[in-house]
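Visitor: Residue strings, one per chain:
2 protein chains.
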Amino acid sequence: MAHAPNTLNLVADIGGTNTRVALARGKMLLPETVTKYKNTAHSSLQDVLKKFIQEQGGVDTSAACIAIAGPVRNGQASMTNLDWEIDLETLADASKAENTAILNDLQAQGHALGHLPPESETQIIHGTSIEKETTRMMVGLGTGFNIAPVFETPNGRFIPPSESGHISLPINTEMDRKLSAHFDAQFGFPTIEHALSGNGLENLYNFHCCGVEGAAHKNAATIVADCEAGIDPAATRAVRHFVQILGSVCGDLALVQLPFSGIYLVGGVSRAIAPHLSEFGFLDAFRAKGRFEDFMNSFSVAAISDDFAALTGCAAYLESSAHA
Amino acid sequence: MAHAPNTLNLVADIGGTNTRVALARGKMLLPETVTKYKNTAHSSLQDVLKKFIQEQGGVDTSAACIAIAGPVRNGQASMTNLDWEIDLETLADASKAENTAILNDLQAQGHALGHLPPESETQIIHGTSIEKETTRMMVGLGTGFNIAPVFETPNGRFIPPSESGHISLPINTEMDRKLSAHFDAQFGFPTIEHALSGNGLENLYNFHCCGVEGAAHKNAATIVADCEAGIDPAATRAVRHFVQILGSVCGDLALVQLPFSGIYLVGGVSRAIAPHLSEFGFLDAFRAKGRFEDFMNSFSVAAISDDFAALTGCAAYLESSAHA
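Sequence lines, in order, name chains C and R.
Here full-length UniProt numbering is used: the first residue of the first sequence is 1, the next is one more, and so on.
Here full-length UniProt numbering is used: the first residue of the second sequence is 1, the next is one more, and so on.
Coverage of chain R stretches by chain C, computed from C-beta distances (three or more under 8 angstroms per stretch; other residues unrestricted):
| # | segment |
| --- | --- |
| 1 | 146–153 |
| 2 | 158–167 |
| 3 | 170–177 |
| 4 | 181–189 |
| 5 | 253–260 |
Computed list of lysine to aspartate or glutamate pairs in EDC-like fashion (alpha-carbon distance at most 16 angstroms, straight line):
| # | chain 1 | residue 1 | chain 2 | residue 2 |
| --- | --- | --- | --- | --- |
| 6 | C | 178 | R | 174 |
| 7 | C | 36 | C | 47 |
| 8 | C | 51 | C | 93 |
| 9 | R | 178 | C | 174 |
| 10 | C | 96 | C | 60 |
FRET-style restraints, in silico, Cβ to Cβ:
| # | chain 1 | residue 1 | chain 2 | residue 2 | range |
| --- | --- | --- | --- | --- | --- |
| 11 | C | 5 | R | 89 | 54 to 60 angstroms |
| 12 | R | 155 | C | 32 | 32 to 38 angstroms |
| 13 | R | 297 | C | 54 | 43 to 49 angstroms |
| 14 | R | 25 | C | 307 | 53 to 59 angstroms |
| 15 | C | 43 | R | 275 | 54 to 60 angstroms |
| 16 | C | 43 | R | 78 | 55 to 61 angstroms |
Hints in this document: simulated from the structure, not taken from any laboratory.
This structure is a prediction, so every number in the text was calculated from the model and none was measured.
Virtual Cβ for every residue (Gly too), placed ideally from N, Cα, C.
Next comes chain C alone, as it looks inside the complex (with noise of 0.2 angstroms):
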């Protein structure tokens, strides 16, 4: 065996397309166990643990934790494209683990905080609140939208899920109210989702299109690289309104959870726009809530790098519930 029994925990990332699995010992992970399995070469959740404890030498793990891209409710978890079991009893049954824990994956990345890589994280806004721990906010940009709150209670972090991507758009210029009507006309009722998000940017797109003769439906990838590449005004308008929409979302979800300790903008899609939020106003539109633009002026916002952050933040909570 080439790991010492009950010594070690396994924690994996379940994503739309990806399971990540790996070992951490204590709030550590170990890099070089960090595996990635493609989700569709494998029939089950179980299917992969198992494969993955055999390639570390059959591993007997003391605890197991998994993050998944979807929302988790009574230890049990749902995704859509994915008809994979994931429960708490299939864990334990793949992991042996004596200790199990399902965590959203937004919720996994919360835990993450505070011990991940000081480059993994680049400043966006310098916020002006002093206040060093009290509440963080995670935002996640990728194939849905949603945030979660990290809480510093006196009796530890608490991350409670949400599922923020399904209210109201916000509505605050004339093109927002154009923007509304539209979606109001193709999905009934028009959410955070569908503009901020990978299909949001295409939206947004097509959106920006509109009269444009023999305009072509682009991936939110090629949308990006054609905005940076200055060669598609449709392109460059669409990622100029995705910004702005998420400095307003942004703004109104702050105000209600309070981050004094800042805002940290996670997922495939938030990496990507991430270096373009300066030049098409994320600041302005984060701070444009009337009599409190001065006290936007308290919130930090910073995007997360790291693509192990989940981990990472499974290996965080899994240590820190032996110890409460």
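Based on the hints, put chain R in the right spot on chain C.
Guide: Using the frame of chain C, we list chain R on its own:
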């Protein structure tokens, strides 16, 4: 001395007009001690508390907690229209109590949940969620608008602060779009509180009077009364619009906070509006969240009528922190 020393706690609720003060034994308010003082007749918090303590025979309390209709940060509170110094030091000095706490009044009312007389709660929507001890959400409708999520963590109840009244007003209908333009011209940035508060109802009434010859300004109580009497169509339109915006806002904030154990409406305006929620379409507006329409059936909504809920909450908070 009328009360034995160090057996009772002092609790107070400082509202915009009156301050209520009472004694509590553990979580139980002593109803015969509840006393109401007009703020304008007193120059400071010390002034009010010293008078109360004297009236109670010079009671020597063990702990003191006050609830404030305003933001609380780092043990300091501030209220519009009241220049009293309200901080932990002043409270300790005035009460001579060993332990002190200051809560926002919505947070205090959240701590009262589970300790109020059953008759103070009127069910408005029966949700399908069967989770009885998860998250609840307080929605306060009075001079202002705010929410407080009430989380049940493994280590006890946790109620973070919020400034949710100042986020973007949701825009769902053609009428909302007109209202948004109207508020935009008047206030610069249309927020929830511009519609959902005492002043908010007056703003809505003015909007629905547009173009009506000789329309006079009416206060919130008159608008509700005239709607109930059926003598002013603009008042009826204003109350209906208020109820529909409230439904939409409660639905959005429910998706953010996931209160599977219920939503609780509190505050003076909520007590006045609660009887009209079903007649004016609260439920439809609450559920109108596109593909999340079915999911919205999870949530229960109730109105709380207890005028002393914040006092009970202060007592419960002191009791729970004494045992933490």
